[in-house]
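**Student:** Here is how the chains run, residue by residue.
2 protein chains.
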Amino acid sequence: MPFKEGDFLLIEHTAKVKETGKIFDTTREDVARSEGFHKEGEIYEPKLVVIGEGWVLKVLDDNLPSLSLNKPKTIEISPDKAFGPRDPEKLRMVSLRRLREKGITPKLGTQIEYDEKLATIRTMGAGRVQLDFNPPLAGKTLVYEVTAKKKLRTQEGKIHALIHRRIPLLEIGKFKLDLEKDDVVLRVPEEAFYIEGLQIAKRGITTDIQRFFPAIKKIEFVETYLAPKKEKAPKKTSTKKTKAKRTSTKKTPKKKPVAKKKPLSKAQNPK
Amino acid sequence: MPFKEGDFLLIEHTAKVKETGKIFDTTREDVARSEGFHKEGEIYEPKLVVIGEGWVLKVLDDNLPSLSLNKPKTIEISPDKAFGPRDPEKLRMVSLRRLREKGITPKLGTQIEYDEKLATIRTMGAGRVQLDFNPPLAGKTLVYEVTAKKKLRTQEGKIHALIHRRIPLLEIGKFKLDLEKDDVVLRVPEEAFYIEGLQIAKRGITTDIQRFFPAIKKIEFVETYLAPKKEKAPKKTSTKKTKAKRTSTKKTPKKKPVAKKKPLSKAQNPK
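Chains as they are written, first to last, in this note's numbering: chain A, 1 to 271; chain B, 1001 to 1271.
It is worth saying that the hints were derived from the structure and are not from the lab.
There could be a bad hint or two in this list.
What the hints assert, rightly or not - For each label pair, taking beta carbons as the anchor points, the in silico distance ranges come out as:
# : chain 1 : residue 1 : chain 2 : residue 2 : range
1 : B       : Leu1179   : A       : Pro214    : 30 to 36 angstroms
2 : B       : Ala1215   : A       : Leu179    : 28 to 34 angstroms
3 : B       : Ile1043   : A       : Lys174    : 32 to 38 angstroms
4 : A       : Gly6      : B       : Glu1220   : 30 to 36 angstroms
5 : A       : Asp80     : B       : Glu1042   : 52 to 58 angstroms
6 : A       : Lys107    : B       : Glu1089   : 50 to 56 angstroms
7 : A       : Pro189    : B       : Glu1089   : 49 to 55 angstroms
8 : A       : Arg98     : B       : Glu1191   : 48 to 54 angstroms
9 : A       : Phe193    : B       : Thr1154   : 27 to 33 angstroms
For clarity, every value in this text was computed on a predicted model and none was experimentally measured.
Glycine included, each C-beta is placed from N, C-alpha and C at the ideal position.
Starting from the given sequences, assemble the full structure and let the hints guide the process.
**Tutor:** Right, here's the structure in full:
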């Protein structure tokens, strides 16, 4: 086997429904575009998978060790190992009037939310609509084409990939790592300071590093702010002016600050 | 003058309307309780004011240098130096029906939002309601009783107070400071990791430190995660089990993680 459990692989994949040939998922931007489900803001690139971690469907995970670099492998997955069989009990007829009352205008083949569950509109006619509460891929045999693009070998490369998995919006490698034997310092780049969910991502990165590199006992995240270089120190005699200037030249994020800016009731909009 | 511009003071204050004697603002929990406007979760404690920074009404700011420690001073503020005169143009009659259409049931003396502005209900009768768009304290003479409780003298104490001002929910002094001549390392306590707005607060703390201590050229925030001590390193042969255990013993915050946890379409709810 070219690969083994615990290996860090970057994987490309494209998945389709066997019966129809319809592609429903891909890591490749060109495929997403040509199939018409490309989403702006979505990141298309090979994804990190650690073999045996259960990050992907089990059949896929089991097949990863036998991949060869850059050689696509086709893996067929029967419904019972994918999204389960299609359950006829999960079909339900409702009146068109009832849907309309809920503000839903049904359209054949589309998904709607009904009673807080997702349903697909299967048939329509004579004022009645058939809702299918099965997952859209239930009962389908899936065909994955999977390619291992790269095997990560260094601890540093693996940690970078783990960070990127938790903060996909940030280009890989933007954190600077100071790796020692039993600790690591992760220098957070300024452009990541205001990414939503940063603190949760840090927790996730920590969990990942502790899991895959148990020798690392201490993980430190460091965020550095340097004094703006060309500004003069504020003068005592012109406090207000200097303050205004300093504020206006700063790229202040729009979110509400935690602190009350004006204690002693100035916040109440005095003249 | 006991104090001067740039001094860091911890100030207690209680403010009332001169004409009625009604207290509308205080830093003291006992006063807030006895006046009936105590709010759960609000932090009642002396507040940091740096003299001359404009953090409080100008008349108050101008009076701060003449305070003496622990001696309350009464300061009267005329309407023009507080919330401005009351403007009769800002009174408006609307029909009760119109308010009802907007889902508002008016009650004498209460504040409502109307056309995205705050208004006080002044009179009601014969199907008509008078709305007052003046700030509630417009036209009022205010009487502040202000007490300087403490003057902060050390750079460390001042930085702690600036941090507390930006993250009032966190007890003062919880950050650990490594202060050098031209840089400071701020060690964020674990209990602050998931405080909402932490990143914005860091930016604010940075701005404050750069303003008041221009000699400090570099500010670093450090968040440290230590490996859990009593857990064994995960064994290769029982990956799943170990993982489950590690996860369950961890206090995971409830917010949605940034990363997709299940790439390769496992997120689509497979069986």
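**Student:** Next, verify each hint and record whether it holds.
**Tutor:** Hint-by-hint comparison with the structure:
At roughly 35 angstroms, the beta carbons of leucine 1179(B) and proline 214(A) sit within the given window of 30 to 36 angstroms. Distance hint check: the CB atoms of alanine 1215(B) and leucine 179(A) are about 33 angstroms apart, consistent with the given range 28 to 34 angstroms. Evaluation of the 32 to 38 angstroms hint for isoleucine 1043(B) and lysine 174(A) yields a pass: the beta carbon distance comes to about 37 angstroms. Checking the proposed 30 to 36 angstroms range against glycine 6(A) and glutamate 1220(B) shows it holds: the Cβ atoms sit about 34 angstroms from each other.
In this structure the hint that aspartate 80(A) and glutamate 1042(B) lie 52 to 58 angstroms apart at CB holds, the actual value being about 57 angstroms. Between lysine 107(A) and glutamate 1089(B) the beta carbon distance is about 53 angstroms. The supplied range of 50 to 56 angstroms therefore holds. Taking 49 to 55 angstroms as the suggested C-beta distance range, the pair proline 189(A) and glutamate 1089(B) conforms, at roughly 53 angstroms. Separated by about 50 angstroms at the C-beta atoms, arginine 98(A) and glutamate 1191(B) satisfy the suggested range of 48 to 54 angstroms.
Remark: the range hint 27 to 33 angstroms for phenylalanine 193(A) to threonine 1154(B) is upheld by a beta-carbon distance near 29 angstroms.
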